[in-house]
Structures are given as structure tokens and as C-alpha cells.
Amino acid sequence: MSEERRIAINVPALARVEGEGALEVLIEADRIVDLKLRIYEPPRLFEKLLEGRDYAEVPDLVARICGICPVAYQMSAVHALESILAIDPGPWVRGMRRVFYCGEWLESHSLHIHLLAAPDFLGFDSITAMAKVHPEEVRRGLRLQALGNELIKLCGARSVHPIGARVGGFHHAPAVEEVSALCVRLRAALPEAADLVRWTAGLDLPDEVQGFTCVSLRHPVEYPMNEGRIISDQGLDIDIAEFENRFKEHQVPHSTALHCLLDDKPYLVGPLARVNLNRDRLPDAVTVLLAETGIRWPSANMFHSIVARAVEIYYALWEALRILENYHLPDFPGTDCVTPTAGVGYGCTEAPRGLLWHRYELNERGEVVTARIVPPTSQNQARIEENLQQALLAVGLDQDQDKLRFHCEQVIRNYDPCISCATHFLDLRLQRR
Amino acid sequence: MPRLTIIGIGSPFADDRAGWNVVETLLASKQVAAYGEHVVVTICRSPVSELLSLLMNADIAIVVDAVRYCGSPGTIYRLTDIDSPLPATKVLSSHGIDLSTMCTLAETLGHSPEMIIFYGIEAGPDNAPGLAMCQSVGRAVDRVAEDIRRDVANHFQYE
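Protein chains in written order, with our numbering: chain L, 1 to 433; chain Z, 1001 to 1159.
Hints are computed from structural coordinates only; laboratory data are not their basis. No residue lacks a Cβ here, since even glycine has one placed at the ideal position from N, Cα and C. Heads up, a few of these hints could be off.
As the list claims (entries may be wrong) - The calculated label-pair distances, taken between Cβ atoms and stated as ranges, are:
1. L:A291 <-> Z:Y1069: 52 to 62 Å
2. Z:V1040 <-> L:V288: 50 to 60 Å
3. Z:G1036 <-> L:E178: 50 to 60 Å
4. Z:A1028 <-> L:T339: 51 to 61 Å
5. Z:L1079 <-> L:I238: 51 to 61 Å
6. Z:V1040 <-> L:D54: 30 to 40 Å
7. L:A394 <-> Z:E1114: 41 to 51 Å
8. Z:G1110 <-> L:A188: 15 to 25 Å
Take the sequences, apply the hints, and build the full model.
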């Protein structure tokens, strides 16, 4: 006797659609015989597009890869290119790049927590439904997101696809008055961000403990953003230049995004991995709040990702304040002394969704010969499929289709994949035999 | 005097640039500039991260975007009744958060503009990067910019 159920929703593509996803699950009797997270976003071929471009064009080009995390793409690119061109932009640029990144974490995490993930955990099918019952929580999220946008604009001239970053630093230094005004708002937002951490920790999150490998950057003293070695909770500790020796991307037929494995196994990147591996790098105020969550860190419950995002929002406010409250105008916001040099360089930074690794080869004119970009979502894809397998078994394969579909959507959204997989338009094709 | 905000949604690609082109035309208009701070004209690069705050800070909003509905390229749609849901455009939105969602969310949070006028310009079938805007959409951009100039003049005439 066989039973087959199928749900089909067609999602066409246009410019502002930043990715499309579907899930196919085949269940036979009491086991999952096939499970595929299909990402069929059209290939965008950015790496090829970069070939032949001058190094100076790269930051603005790669910013176009993502409308939500353009800063991450710019930062991984400038670090890689500066390593080839032997540029040390100095402490002012280094600090402001962290501020830039704080803005992106604030903006991206606030968006995901409030508009995408929280409705799942509160029993709503949309942000508009949730806003009717929890308007103040949504307003708080929007205020934090707006503050993130302001930080990005401060450094990047605009909040979406910013244009302020360049190889060697920034095009412009913000005025002291502008920074001071923003510091007041950042400090005022701290209690709201702390409340947000408590609120996420108080959500009725599924209790699903799984075994998985966490991977993130690790800096000697800082919570990682722009620099560090690549580490895992399984003993990995490598320079970013060694990434290709251990991490292998491969094509799967059902996805236009490459899958990436660490020593042939799935792994996790992103806020939960960062918090799990770097909580000893958080400042005291954040550490105290982390303890208040009641969660035992490191956490093996993927659904604690929403709490980790909130913790990173709180941290981003403190970190931006730490830097901006000591702000001064530099003589130059970046170095112009660049001599085109041939070579290979690597950049690896922590995008909101996790590790973002770049490799560039330049010729003697400073033009890109080859480029390679490994975004966090492709690194998480295999882990998402692994998570889905385990989650479906934990929920029970005999559950009705709607419940299984909702749980699968919840699992996928929880990773904040970039990005349409995170919508409520997951096309689940469930077959039972 | 209430603040009127004109928002052009879009991307750099082909017909999807229609909203941005309308805004650029209006930014060059002395007639619109004459209203000073009472008229804000802005492009929106990301409906997900920018549109809601623009709507929540507007007393009157005029929103322009390329659409796919059922007409030929360059067809203009004008909607003014925000009590009726905007046509569902979710399949063409990012994160599943579209203009209709943002309008509803602004209203739910008690910060909806008193009035939203929506102009949609039907896009052609191909919006691949590198393609130019098709001529019929280009002509529609000019017509919508003129219609909005008239909307603005009418609005302030009765203020």
C-alpha cells in the first residue's frame, strides 16, 4: 500500500529575489530514503565576473552578492587583497571596520529574529500576524535593525550595498558630531538589546539536541569578526590560507549552490557556532547576560541560534560603543599608497550567517586573475540536510504532513539561509510509500 | 504641513529599474524641489530593510515599483485604496516580505501613512543584468513621473 502527498508552489525569479529553495523528502514506511534541500537560485557567476577587474573595483562588486550582508563580502575581499598588496591600513581603519561589521550583525540578526524566525516560535504564520499580538517586540526589533542600518551608513555612506569601503580603508571618515550622536542612540539601545536576549531565551524553543561540528574564526583576544584562525570544536586550528586543504566544495545535482564539507563531513557556521566557540571572548556585560539565559553553553540545540543572534546584537552594541566612544578623526581614512602586485591572498571574516572565505589571485597590474568565494550558506547546506533528517525522526515520521512541513521550514529558517529559503514559501514535496 | 514621501523601489537591472528612474526624474524636477523638506524623494534598494522605516515616517507615501501582473510591458497601474489589500506580489519579493506585507505591518504598528498611492509599471519578461530598459517601460517612467508631479501639486493645493 502506498500513499503519496505532494505540495507544489512555483516561485519564479526576478531581481530582488535573492534565492529560492525547496525541500524534497521521500519517506518509505518508517524511514527517510531521500531528503534534498534544493537551492535553485540561478548561478550568478560572480567569481568569473571578477576576473580581469582592477583590485579597486572588487569591494563594490562583491557587495552586490548580498543585499543583507554586503559588508561581509566587502570585508573578506579587502582583507584578501590587502594581504597581496602588503597594505596595513592601521588601527583606525581596523576599528571602523569592526563598527561596520557591528552594523551588519545588528541589521541582519534583528531582521531574522523578528521578521523571519520569531513568528515560528510564537505560533504565527507571518510577521503581520505576530505584530498584532506583540507590537512592542516588533517595534523593538525594527529600532535595533534601524540602528544597524545607521552604523552601516556611517561607514559606508548608505545602508544597502554600501560604497564607503575600499582596499586600504574607507573613502570617508564620519564627522565627530555624527559619531557622538550615534553613540547616544547606541547606549540607549543597550537595555532593549538585553531585553531581547531574555525574550529569545524565554521563547518556547524545540528541545532538539544534535551532534554537530561548530566552525568559526578565533582571535587571540577579540570576539571574531574580521580576523583570526579557523577553528572547530573537534580540534581544527588552521590559518585561513589552509582552508582549501580541509574544506572541500562539491556540486550536488539538486542545488546550484555548492555544498562544502570539512574533512568530508557537514559542519555548522554562524552565530551559534561563534558563541559556542568564542564565548570567552565576550565582554563581561555580555557574559553575564549569556549566563542569565539559562542555556548551558556550548549548546547542541540548533534552535538556540535565535538566542545566539540576540546575544550578538547585544555584543555588537557594546563593541560599537567601545570603538566609537573613543573616536577621533584620522589624518586619512585609508591609505592611497598602493603598488599593484601579483600574488595570491586570502580573506576570511564572520558574516552574520557565518564564515565567509575569499581567495584572489592578482596579476602584476593588480587585476583579478582568479577569485573564489565560499559563502556561509553553502557551508551550512549539508548541515541543514543532516539536521532535517534528525529533526524529522525526532518529531516522528508518522506525524501529519502539515506538522512535518512546518517543522522542516522551522529548521531551515533557523539557519537564516541566504535567503529565500528563509521565506515562508518552502515547497515541500513529501512522498510516502 | 504633512510630509509626503515618494519611494522608488527597484534594482539596477533593466525594467526593474523603473521605480529608480521615476525617482531620478523627480529629483531633477524644480517643481518637486520647490516643496523643500515637505517632499522626500528617495530610492529604495531593499524593501526588506529600508521600506518599512520609510513608510512609518511618511504622512503620505507614493510608492513606485516594477510589477508583473497581466498587462503588456509599460502598462501603468495606480492604486489608492489601501483598505483593499494590494495585489499579492509575494512571489517576486525577497524573504517573502513584500510591499503589501510592509504596508500591513506599518498599519498594524500604528505608523501607517494617511494615504499610500501605489504606481506599478508592468515590466517586460526579461530583466537579466546588462539588459537595457525596454522602450515601453521607459515611456511609462516619464508618464508616471508626470502623474506624480500632478499628485504632489494637487496634494499641496488643498493643504
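A quick look at each hint next to the structure:
no.	hint	in the structure
1	L:A291 <-> Z:Y1069: 52 to 62 Å	54 Å, holds
2	Z:V1040 <-> L:V288: 50 to 60 Å	42 Å, violated
3	Z:G1036 <-> L:E178: 50 to 60 Å	23 Å, violated
4	Z:A1028 <-> L:T339: 51 to 61 Å	41 Å, violated
5	Z:L1079 <-> L:I238: 51 to 61 Å	56 Å, holds
6	Z:V1040 <-> L:D54: 30 to 40 Å	36 Å, holds
7	L:A394 <-> Z:E1114: 41 to 51 Å	50 Å, holds
8	Z:G1110 <-> L:A188: 15 to 25 Å	21 Å, holds
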